[in-house]
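Heads up, the final residue of the sequence shown is numbered 502 in our numbering, and it's a clean run with no missing numbers.
FYI, nobody ran anything at the bench for these hints, they're computed from the structure.
Check the hints yourself; a few may be wrong.
Said to hold, decoys possible - Here are the simulated distance ranges between beta carbons:
1) Ser-231 to Ser-455: 20 to 30 Å
2) Thr-408 to Asn-356: 23 to 33 Å
3) Ser-99 to Ala-196: 55 to 65 Å
Just so it is clear, the structure is predicted and the values come from calculations on it, not from any experiment.
Using N, Cα and C, we set each Cβ at its ideal position, and we do this for glycine too.
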Amino acid sequence: MGTLTSLLDISREALLADQVALNVTASNVANQNTAGYTNEVVSFQSADAVTLSGGSYGAGVTASAVSQRDRVLEQRVQQQTQTQAQSGALESALQQVQNIFGLSSTSTSASSTQLGTDVNSFFSSLSALTSNPSDTATRQSVLSAANTLAGDFNSTANQLAQVSSSLNQQVVGDVSQVNSLTATVASLNAQIASISPNADAGALEDQRQLAIAQLSQLVGLDQISTPQNGITLTTSSGAVLVSGNQSYAVSTTQVGGNTDVLAGDPPQDVTSNLTGGDLGGVLQARDTELPAYSSALDSLAYGIGTQVNQQNELGVDSSGNPGQAIFTLPTTQTGAASSIHVSPTDPGAIAAAMSGEGSAANDNATALATLSTANIVGSQTASGFLASFLGQIGSDTAEATTNNTAQQATLTQLTTQRDSLSGVSLDEEASNLTQYQRSYQAASQVFTIVDSLMASAINLGVETTVT
Numbered sequence: 036m037g038t039l040t041s042l043l044d045i046s047r048e049a050l051l052a053d054q055v056a057l058n059v060t061a062s063n064v065a066n067q068n069t070a071g072y073t074n075e076v077v078s079f080q081s082a083d084a085v086t087l088s089g090g091s092y093g094a095g096v097t098a099s100a101v102s103q104r105d106r107v108l109e110q111r112v113q114q115q116t117q118t119q120a121q122s123g124a125l126e127s128a129l130q131q132v133q134n135i136f137g138l139s140s141t142s143t144s145a146s147s148t149q150l151g152t153d154v155n156s157f158f159s160s161l162s163a164l165t166s167n168p169s170d171t172a173t174r175q176s177v178l179s180a181a182n183t184l185a186g187d188f189n190s191t192a193n194q195l196a197q198v199s200s201s202l203n204q205q206v207v208g209d210v211s212q213v214n215s216l217t218a219t220v221a222s223l224n225a226q227i228a229s230i231s232p233n234a235d236a237g238a239l240e241d242q243r244q245l246a247i248a249q250l251s252q253l254v255g256l257d258q259i260s261t262p263q264n265g266i267t268l269t270t271s272s273g274a275v276l277v278s279g280n281q282s283y284a285v286s287t288t289q290v291g292g293n294t295d296v297l298a299g300d301p302p303q304d305v306t307s308n309l310t311g312g313d314l315g316g317v318l319q320a321r322d323t324e325l326p327a328y329s330s331a332l333d334s335l336a337y338g339i340g341t342q343v344n345q346q347n348e349l350g351v352d353s354s355g356n357p358g359q360a361i362f363t364l365p366t367t368q369t370g371a372a373s374s375i376h377v378s379p380t381d382p383g384a385i386a387a388a389m390s391g392e393g394s395a396a397n398d399n400a401t402a403l404a405t406l407s408t409a410n411i412v413g414s415q416t417a418s419g420f421l422a423s424f425l426g427q428i429g430s431d432t433a434e435a436t437t438n439n440t441a442q443q444a445t446l447t448q449l450t451t452q453r454d455s456l457s458g459v460s461l462d463e464e465a466s467n468l469t470q471y472q473r474s475y476q477a478a479s480q481v482f483t484i485v486d487s488l489m490a491s492a493i494n495l496g497v498e499t500t501v502t
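Could you build the full structure based on these sequences and the hints that come with them?
Have a look at this one:
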């Protein structure tokens, strides 16, 4: 009877183990398309044997579900996600800048842009003035071209400022999402710690990994494993975001008109050290690329305005008076593009003649027109500087696009490797289902036979309907 009882217990444990295995298979199939779900495998283990009177008796088998994950590979995916998200954010910002100047992926020619056209039109109007310096309509054309050029500088500078403002708003939005996700990770850390290591916390770990994957889209992270299956998260610069069941909120502050990021305990300004994720790309575009473009635009506006003003002041206007400044500019080149405007409204203010000549002469108009080929922006002509400037924007944007494409390809490859291990395969689950069903049927058959034998033994071999 002892042997039959032992066999009955073994078959019962086998039924329970097979039921666990069937449940795992059902869960895998049901969650095949669930974001963040990690495939579970069944771990069968022999139960502790019992020793009686020198004999050892098996106690059957137990089964448990184990999430099939590679933590190193998961971290590589997260790190690559951060790199790709940063390059994507940078590419998006640079494409906005490219659109402002009217550039495209196939054309970065300065002459094809509105600003390039306006620069050429302005100097062309001065060239036309040399042929007819006393003509009021020709002088008016110079003023009109100057107004158009100044307006184009203003508009372009304002649009660059709007891109910067939009990036500031993006920083605020990203920070809000980061705080929500870090709070989620901290809460899951606490729940997982209450379960591990006594049981598999696979479902909670999946939720935590999904939250960390979403965080990786937003900011660069360093991840440290801690006891009780916990995870500590810091920014790439070391500011703590999550430690155990505690999250540390990120905040923003205004510095010099920009939105900076505070993180850590105590909070410190980490803006200059943040890399990775959407925040890393946004800050790179806002703090590195855009200021360089704005500075170049200011240099061009200041160079043209200053040289034209100085030359016009060397001549005399249509009334014989000393020439005055055509453009109003700040004292330094900073902000020149946004503030430049044309001062005079009278076309006679254009000083076509040199001092000492008659007001109908054209020597100063010739000198003004010659500025188109003079090095008035550093060591370059206005057109040459603009062509170089726009070429740099086009080159930077193309490089960002190429880099983002390469980073996305690497991310896809790593994700495929991870999914080949942690993803659900319906073919594999179908095979497992067949195996576990047959095992369940076999254990059930053993249970039935043992039950019949025990009934027969209890009834001393007498056939009866009572078992």
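Evaluated hints:
1. Ser-231 to Ser-455: 20 to 30 Å: Taking Cβ atoms as reference, Ser-231 and Ser-455 lie about 26 Å apart, which means the hint holds.
2. Thr-408 to Asn-356: 23 to 33 Å: Taking Cβ atoms as reference, Thr-408 and Asn-356 lie about 28 Å apart, which means the hint holds.
3. Ser-99 to Ala-196: 55 to 65 Å: 60 Å, holds
No hint from the list above goes unmet by this structure.
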